[in-house]
Each structure stands twice: as structure tokens, then as C-alpha cells.
Amino acid sequence: MAGIDPSSPTPLYLQIADAIRDKIRRGELAGGDALTPLREAAARWGVNVHTVRHAYTSLARDGLVESLGARGTRVTTGGRAAEPATRGPGPVAAGRSLEEIVDRAIDAARSLGIAPGALAAALTARAGRVDRPVVHIVECSAAQCESHAREVESAYDVQAVPWPLDPRTGSPPGAFIATYFHYNDIRRLWPGRLREAHFVSIEPDAVVVGALAGTHDQVRVCESDRATAEAIAADVSVLLGGGVRVDPVVAADPNDALSSPVKSPVLFPPRAWARLPARARADPRAVQLKYVIDPADLDSIARRLAWRPARGAHLEIAHAQRSDSEDRCLDEPGRRHVRRGRGGAHAGGDGRRVDADAPRPDRRS
1 MAGIDPSSPT PLYLQIADAI RDKIRRGELA GGDALTPLRE AAARWGVNVH
51 TVRHAYTSLA RDGLVESLGA RGTRVTTGGR AAEPATRGPG PVAAGRSLEE
101 IVDRAIDAAR SLGIAPGALA AALTARAGRV DRPVVHIVEC SAAQCESHAR
151 EVESAYDVQA VPWPLDPRTG SPPGAFIATY FHYNDIRRLW PGRLREAHFV
201 SIEPDAVVVG ALAGTHDQVR VCESDRATAE AIAADVSVLL GGGVRVDPVV
251 AADPNDALSS PVKSPVLFPP RAWARLPARA RADPRAVQLK YVIDPADLDS
301 IARRLAWRPA RGAHLEIAHA QRSDSEDRCL DEPGRRHVRR GRGGAHAGGD
351 GRRVDADAPR PDRRS
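Everything in the sequence shown is counted per the numbering used here, starting at 1 for the first residue and increasing by one.
Hints were generated in silico from the structure; no laboratory data involved. Keep in mind it's a predicted model, so treat the numbers as computed, not measured. Quick reminder that beta carbons are idealized off the backbone N, C-alpha and C, glycines included. Where hints are given, some of them may not hold.
Unchecked claim - Between beta-carbon pairs, the in silico distance windows are: (1) E146 x P167: 55 to 65 Å; (2) G117 x S260: 46 to 56 Å; (3) G31 x A211: 50 to 60 Å; (4) P295 x G117: 17 to 27 Å; (5) S8 x R168: 40 to 50 Å; (6) R104 x R188: 46 to 56 Å; (7) A19 x V207: 40 to 50 Å; (8) P261 x A143: 24 to 34 Å; (9) D103 x A142: 41 to 51 Å; (10) R150 x D225: 52 to 62 Å; (11) A306 x A282: 27 to 37 Å; (12) G3 x E100: 34 to 44 Å; (13) E99 x R195: 24 to 34 Å; (14) R188 x S8: 41 to 51 Å.
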């Protein structure tokens, strides 16, 4: 197998994808042929499994191969005919110059009221997304999935795809990020996927909570059960510091938390906020309590998967107002867990206890 050049500016996964693409073009790999299994290919190329998976994903986006799950990855029936645009004109472009094709595209855009500059910007943005690594964000709350996906994309040059945790939809393809709270859920639902899972700690957004500091002497936290409400209230209390009383409010219907004449703000965690009607969200007392990924955990994943920082991204590694809670974080429904490396255990998504010193999935090869 031809070698790759680690010193080349071309990413390793792209060098591997190009080598396989050439084999398909030359007919050395025909439709239906299986690609080398990930771990075996990684050993041959001298790279990690994630790099090979990224290469295979890139080929799949080009329609050259298809993933068959446990049966591996195979060349598509029409794989040999599929060629990337940079290798020459395809059937549509046959007999036409690139300039003519561009002129036709501009004319078509103008007929739709799209300025050439806007078309160029859209094409540039699309080209920049084609070879970006793809990672799925797994959470039980669709809103929190979207929030974490935006968070990851704002920090790194990747495509972060929300993937709500639902037994009916199955597991996401390729690498995915999930919170430690859902470790047991993922182990139960997708037992064969733990090696591809990258688990992170999450905690209440200090910016959201900090905005309330000094403005009120009382803050309320609404959840559907007392244990969760009290756990969230405890973490919010730490972030706010002394001088502010944080009271848990238990309400099956989150809208009930706003029916009281009390004027103090009410923090609604993601799932409670999702159930809050628009009119209630407009209440000046209603505050959406967001969660953020621990920057150190996200940075560790980025280094393992060789992600590039997003343009203009700035990671806030130090979170404000951390004291005794530095070694603890709050999972989405509010149950605390101890960060790895300090002993103890954390609560899993199905309520069972999980050894906090068990090997972290994002540390595995």
C-alpha cells in the first residue's frame, strides 16, 4: 500500500481517501469490493482508526462507497464512474469549458434574483463544508442537541449534527459526542458503539447564571422532581455565590412556576424550557438555563480527532466563579456526577451507578 506523507499540508484522511479513489478509478477496486476493515487499515497506514473512518466517510459522501454497518464498507456499484469534480469534466460538463459552465450558473442565479457575489459566497461556503469532519451530538433533549452542536461548530471546523437519543432512530454513524449522564443509556441501547463515543461533562452556563448575580436576592429553579430541582439549585447557588437564595420549585407543568405572584426569576433547564409555551417564555421572570460542554473535555476530543479550530474561535477554558464545585458538573436533568480522576461515581441516565474511574470512552483507541 502506498505511503502517506505526514509532512504534507494535505490532511492524512484526504491522502488515504485519494489513494482509495485512485484504486477505484483504475479498476483495482470494483463495485461490491470490501474496503479494508478500519483497524486493519489504520495499522497499514500507520494512523488511528478515526483518520481511516474520516477517509471512508469522505468517500461515502462522494458516492464511491457505502457503509454496511457491521458488514464493513464496500465500493458502490457505480463507484468506478464516480469522480470528484477536480479530476475532470463529468457527463454534464462534456464538451463545455469551465468558463461556459460558470457563465451558465451565473445566468441561472440571476434569473432567480441571486447576485453573482452571493452565488460565489454560497459556493465558497459549500466547498469549505465538503471535507469537514462530521460528528454527531447525542442528547435526550432535541433543544440541547442543537445547542451543543452550535457550541462545537463555533469552536471547531466540523459539521456537528444533532442526534436526539431515541431507541427508535438507532445510533448515529461514525463518531459521536454524548454526556456522561447518558453513558448507561448508550451502553444499553448501543453496546457496540462505546468505542466510538466521546463522553463529556456539561454544566450550567455561567454566563446565563452570572447575569442574575447582584440583581435579585432570590432565584428559583423549576424541575419536575425534587431531587433534580435541588441538585440544580445547589450548582446554581455555587455559581451565584453568597447573598442570593436559590430555591427549588417542583412542578409537573413548568408553566405553574410562573403562576405565583413572586417576582424573582425562574430558571428552566432544557427539558422544562422545551415544554414551556411561548407566552410563558415571554414572561420577564422566565430564564432559560443552558448547559455548556466542559471546554477541557471538548479540547481533548478535538486533539484526538485532529480537528482544526473554527475561524475566529476563542475557547473559554476557565469558567467564572468555580470554587468547591470545580470537580463536579451538572448533567442535563440535574443529577450530579463526579469527574473522572477523583474517585466516586456518577449517576447514569437509567439511574444506575457508574464507576467514575472506568476507562473513558473518549480515551480508548
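Hint by hint, here is what the structure shows:
Taken as a hint, the range 55 to 65 Å is violated for the pair E146 and P167, whose Cβ atoms sit roughly 20 Å apart. The hinted window of 46 to 56 Å between G117 and S260 holds, with their beta carbons roughly 54 Å apart. For the pair G31 and A211, the supplied restraint of 50 to 60 Å holds, since their beta-carbon distance comes to about 58 Å. Restraint check, P295 to G117: a C-beta distance of roughly 36 Å breaks the suggested window 17 to 27 Å.
Restraint check, S8 to R168: a C-beta distance of roughly 44 Å satisfies the suggested window 40 to 50 Å. Between R104 and R188 the CB atoms are about 54 Å apart, so this pair conforms to the stated range of 46 to 56 Å. Roughly 46 Å separates the CB atoms of A19 and V207, a value that falls within the hinted 40 to 50 Å. For the pair P261 and A143, the supplied restraint of 24 to 34 Å holds, since their beta-carbon distance comes to about 29 Å.
One distance hint, 41 to 51 Å for the beta-carbon pair D103 and A142, holds here, with the actual separation near 43 Å. Look at R150 against D225: about 28 Å separates their beta carbons, and that is not inside 52 to 62 Å. Under the hint 27 to 37 Å, the C-beta atoms of A306 and A282, about 44 Å apart, miss the expected range. The given range of 34 to 44 Å is respected by G3 and E100, whose C-beta atoms sit roughly 40 Å from each other.
Between E99 and R195 the beta carbon distance is about 49 Å. The supplied range of 24 to 34 Å is therefore violated. Between R188 and S8 the beta carbons are some 43 Å apart, a value that agrees with the proposed interval 41 to 51 Å.
The structure shown violates the earlier hints numbered 1, 4, 10, 11 and 13.
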